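Sequences are here, hints too, so could you generate the full structure?
Read off the chains here:
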Amino acid sequence: MAADFGESVAVAALSLSRRFADGATLWCVAPEWSEHARHVAVEFVHPVVMGKRALPAVSVDSADAVGALRPLVRPGDVVLAISTATCATTAALLPRARAWGATTIWMGVGDAPLIVDRDSGADHVVWAGDGPETDSPALHDGRLVLMYHVLWELTHVCFEHPGLLTADQACDEETCITCSDEGRLGEVIDNDERGMAHVRTARGVELVDTTIIADVSPGDLLLIHAGTAIAEVR
Amino acid sequence: MSDAADFLYPFIEGDERDVGTLLVDLSRSAEAKVTASAELRRTTLDNSTDVIERAATAMTDRFVMGGRLFVFGNGGSSTDAASLASLFVRPPWGQPLPARNLVDDSAVLTALGNDVGFELVFSRQLIAHAGALDIAVGLSTSGNSRNLLQCFAEAAGRGLLTIGLAGYNGGEMATSPHVQHCLVVDADSVHRIQETQAALGFALWRAVQSGLANQETAS
Numbered sequence: 001m002a003a004d005f006g007e008s009v010a011v012a013a014l015s016l017s018r019r020f021a022d023g024a025t026l027w028c029v030a031p032e033w034s035e036h037a038r039h040v041a042v043e044f045v046h047p048v049v050m051g052k053r054a055l056p057a058v059s060v061d062s063a064d065a066v067g068a069l070r071p072l073v074r075p076g077d078v079v080l081a082i083s084t085a086t087c088a089t090t091a092a093l094l095p096r097a098r099a100w101g102a103t104t105i106w107m108g109v110g111d112a113p114l115i116v117d118r119d120s121g122a123d124h125v126v127w128a129g130d131g132p133e134t135d136s137p138a139l140h141d142g143r144l145v146l147m148y149h150v151l152w153e154l155t156h157v158c159f160e161h162p163g164l165l166t167a168d169q170a171c172d173e174e175t176c177i178t179c180s181d182e183g184r185l186g187e188v189i190d191n192d193e194r195g196m197a198h199v200r201t202a203r204g205v206e207l208v209d210t211t212i213i214a215d216v217s218p219g220d221l222l223l224i225h226a227g228t229a230i231a232e233v234r
Numbered sequence: 235m236s237d238a239a240d241f242l243y244p245f246i247e248g249d250e251r252d253v254g255t256l257l258v259d260l261s262r263s264a265e266a267k268v269t270a271s272a273e274l275r276r277t278t279l280d281n282s283t284d285v286i287e288r289a290a291t292a293m294t295d296r297f298v299m300g301g302r303l304f305v306f307g308n309g310g311s312s313t314d315a316a317s318l319a320s321l322f323v324r325p326p327w328g329q330p331l332p333a334r335n336l337v338d339d340s341a342v343l344t345a346l347g348n349d350v351g352f353e354l355v356f357s358r359q360l361i362a363h364a365g366a367l368d369i370a371v372g373l374s375t376s377g378n379s380r381n382l383l384q385c386f387a388e389a390a391g392r393g394l395l396t397i398g399l400a401g402y403n404g405g406e407m408a409t410s411p412h413v414q415h416c417l418v419v420d421a422d423s424v425h426r427i428q429e430t431q432a433a434l435g436f437a438l439w440r441a442v443q444s445g446l447a448n449q450e451t452a453s
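Residue numbers (our numbering), protein chains in the order written: chain A, 1 to 234; chain B, 235 to 453.
In short, the hints are calculated from the structure, not lab data. Please read these numbers as outputs of a predicted model, since none were measured by experiment. Watch out, some of these pointers could steer you wrong.
Unchecked claim - Residues of chain A placed beyond 12 Å of chain B at every Cβ, according to the derived structure:
| # | residue |
| --- | --- |
| 1 | Asp64 |
| 2 | Leu72 |
| 3 | Pro75 |
| 4 | Thr86 |
| 5 | Gly101 |
| 6 | Pro137 |
| 7 | Ile189 |
| 8 | Thr201 |
Unchecked claim - Partial selection, computed: residues in chain A whose CB lies under 8 Å from chain B:
| # | residue |
| --- | --- |
| 9 | Ala10 |
| 10 | Glu43 |
| 11 | Glu153 |
| 12 | Leu154 |
| 13 | His156 |
| 14 | Val157 |
| 15 | Leu164 |
Glycine included, every Cβ here is placed at the ideal spot set by N, Cα and C.
Given below as structure tokens:
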């Protein structure tokens with residue numbers, strides 16, 4: 001496990017439990033090993049521990065995870081991607097999920113991502129490196145399963161602390177998109193020649209000025225500030 | 235609401251506000267689970283060396299003769315079965331080997347569940363697919379799943395090699411005459427059992443790959 005595993009999974013579990021308390025659905029995607037997404041979903045929907053509440057979690061197994069999730073994910077939901085650090089689907093999905101207003105968790109095995117910046121789209125990163133045990137990769141020796149079991153277990157511990165599930169959700173984390181003066185993420189739905197585009201953000205569909213962005217196409221991610229796209233996020 | 239006994243149950247009214255304490259507790263709990271899981275995996279692997287060796291040798295012989303592997307389980311164990319099947323089919327190293335998870339096809343699963351009952355969803359697939367050279371590996375945490383026991387009975391009757399992965403005390407799988415090799419994870423947490431079963435599956439796969447490599451060197 002990564003040295004910060006305990007801390008990172010604790011923060012992710014608290015965030016997840018707060019979103020659940022607020023009515024979120026957890027969307028699980030594991031582009032390289034879809035069975036792990038299914039395992040996470042069944043943990044939450046049908047808990048193995050008697051008396052634990054059933055929570056809405058869904059695994060999505062599609063060659064086009066972004067296209068499959070785009071109509072399903074609502075603002076306030078949580079998207080969990082389980083993958084390697086170099087998974088192209090995860091790289092495309094997480095920033096878009098964040099643009100749609102979802103909280104994102106990236107859980108992975110193997111070499112950890114070198115940089116987890118805002119462009120990665122990951123609000124939470126929980127990792128198990130293979131470390132010195134190269135002949136026993138975390139993907140195969142039970143440690144990946146352990147990671148999401150612990151996420152489930154801690155999420156239910158949080159439900160035993162109802163007073164902590166109602167914190168100001170928009171502003172309780174290190175990177176606060178809503179309050180940041182850098183702008184908010186949006187995904188382009190359609191655009192016209194007049195330099196305007198319909199963009200999906202956490203607030204819904206907004207019409208923004210895109211004149212300062214060179215080429216705008218549906219699916220592009222833009223940084224939006226005061227009704228204007230100020231940069232493209234790649 | 236306040237009460238003289240509140241200090242005994244500080245969070246009972248849902249007015250807890252100290253998120254820092256909770257995060258420290260959660261973090262410690264996570265680390266403890268990591269340690270417990272690692273310890274259980276290590277001791278189980280140590281105690282299972284002989285069974286793994288025997289089961290893997292028998293599997294290797296069958297793979298060499300053209301046998302195929304069928305894996306099955308319910309719920310989370312069905313996804314662990316899928317992981318095991320893909321480990322054989324798309325291995326990180328060594329030879330790709332034919333393996334299938336009997337839960338993969340929802341049309342087959344719902345057709346059988348609807349028409350003949352859930353108890354037969356796996357055994358009926360073996361009737362359609364399996365031959366005497368094949369291998370059946372079933373994963374259950376309780377060791378008592380009816381559809382697995384039914385599948386093992388069908389498999390044994392057809393001459394398949396049968397291997398069971400169970401938890402707790404092994405349940406009926408541990409004593410079933412239809413399960414030739416049973417690997418039991420002696421624990422009572424479904425989660426820790428499943429993590430350890432993944433490690434056991436990986437150990438089986440690794441032993442099969444070494445067996446195949448040794449046969450190649452010898453021939």
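Evaluated hints:
1. Chain B leaves A/Asp64 outside its interface by the beta-carbon criterion, the shortest separation being 19 Å against a cut-off of 12 Å.
2. Against chain B, the non-interface label of A/Leu72 holds: every CB pair exceeds 12 Å, the least being about 19 Å.
3. The claim that A/Pro75 lies off the interface holds: its Cβ sits roughly 23 Å from the closest Cβ of chain B, which is beyond the 12 Å cut-off.
4. Against chain B, the non-interface label of A/Thr86 holds: every CB pair exceeds 12 Å, the least being about 15 Å.
5. Its beta-carbon lying about 23 Å from the closest one in chain B, A/Gly101 satisfies the requirement of being farther than 12 Å from that chain.
6. In this structure A/Pro137 is not separated from chain B by more than 12 Å, as the shortest Cβ-Cβ distance comes to only about 6 Å.
7. At the 12 Å boundary, the C-beta of A/Ile189 stays outside the reach of chain B, the nearest C-beta of that chain being 32 Å off.
8. Here A/Thr201 stays apart from chain B, with its beta-carbon at least about 28 Å from theirs, past the 12 Å limit.
9. For A/Ala10, the interface hint holds, the least distance from its beta-carbon to any beta-carbon of chain B being 4 Å, beneath 8 Å.
10. For A/Glu43, the suggested interface contact is upheld, since its CB lies about 7 Å from the closest CB of chain B, less than 8 Å.
11. Taking 8 Å as the C-beta cut-off, the interface hint given for A/Glu153 holds, the closest approach to chain B being about 7 Å.
12. Interface hint at A/Leu154: satisfied, since its Cβ lies 5 Å from the closest Cβ of chain B, which is below the 8 Å cut-off.
13. Annotation: interface hint on A/His156 violated; nearest CB of chain B at approximately 11 Å, more than 8 Å.
14. With its C-beta approaching chain B no nearer than about 6 Å, A/Val157 sits inside the 8 Å limit, and its interface hint holds.
15. Using the Cβ-Cβ criterion of 8 Å, the hint placing A/Leu164 at the interface with chain B is satisfied: the shortest such distance is roughly 5 Å.
Of the numbered hints stated above, those contradicted by the structure are hints 6, 13, listed in ascending order.
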